[in-house]
Amino acid sequence: MNFEDYETLPTQSSLTHMTAGAIAGVMEHCVMYPLDSVKTRMQSLRSAHNGSIAETFRYMVQREGLLRPIRGMSAVVMGAGPAHACFFATYEQSKHTLSQLTRHRHDHITHGLSGCLASLVHDAVSNPAEVVKQRLQMLHSPYRGVWECARHVYRAEGLRAFYRSYGTQVAMNVPFQALHFVTYEWCQSVLNPRRAYEPRAHLLSGALAGALAAAATTPLDVCKTVLNTQEAAARADGLAAAAALVLRAGGPLAFFRGVQARVLYQMPAAGICWLTYETLKHALTMDSSTEESPTASSAAHAGGGGGGPLACAALRLAAADVPTTLTRT
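Those letters in the sequence shown? Residues 1 to 329, by the UniProt record's numbering.
One should not assume that every hint holds.
To be verified - Distance windows between CB atoms, simulated:
1. Ala215 / Arg155: 17 to 25 angstroms
2. Met286 / Gly238: 25 to 33 angstroms
3. Glu148 / Pro252: 42 to 50 angstroms
4. Glu157 / Leu67: 26 to 34 angstroms
5. Ala216 / His96: 23 to 31 angstroms
6. Arg105 / Glu148: 20 to 28 angstroms
7. Ser141 / Ala241: 36 to 44 angstroms
8. Arg248 / Arg105: 41 to 49 angstroms
Hints listed in this document are in silico derivations from the structure and should not be mistaken for laboratory results.
Ideal Cβ positions, reconstructed from N, Cα and C, are used throughout, including at glycine.
Using the sequences and the hints, build the whole thing.
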């Protein structure tokens, strides 16, 4: 496969990135959702039965039912799809545009800034679903389902309740995504310097990037949970108030409640997300190249083997007939 094929061809298709991103986001959150529930419960300022991952999970299952760890998953399904679609489309378009403007001279800055811009769009779409999800995850949650929770929150606290933690979410996700994308792209440059479709490289790069970013931003995630859940004894209206509550509840170490669960969640979640995204991106690109094969072939001949998208598609089709062991050399 040509060096530029994988990265160059799909960058121009926003629909490809949105479709792959939406499916990747839903898959990522659903597969790891039980651990996300444990993380949220551990970050609660109520200290009952949330000392460790095993203790928290065991209590949830034994006392609240086998399905308790997946309660609220439908909120994630409704929110993660469109949020991740916008996220990946924004990231890829920003990366492409900024790379062109800087002529690829500052790639790490470009990747980090693109991740920040994508995060702003993602959080605006996902924040209401995050509020509903976390309220359903809490101990003794009074809500029976997603719509009941959403209606009750809206009637009792107004529309503002769904965006009370948006500032904190952005303050957390901007550095999270900047660190995440810079780490992912750096790992890719080491593990996959050809930037071809390499599942193991995508999986490992995503896992390492997710773990590092998750650990570094846990204090803000704890504050976000406090703002989203608004427990009776721990109500706060902003980041400063939430941080003060956390500090009073458990001292400086309280800002790292649930860090193990958060890292364990983000490692496979980020790995799965990137692997799914890159796989779908690759598959959709291959489908596109198949549909355009007659035009691509003639363009490749007429253009003298130029490096445009149609020529790349023709190269893919030619490579498809070569044994796998040869295409990797």
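Return the numbers of the hints above that this structure violates; sort them in rising order. 1, 2, 3, 6 and 7
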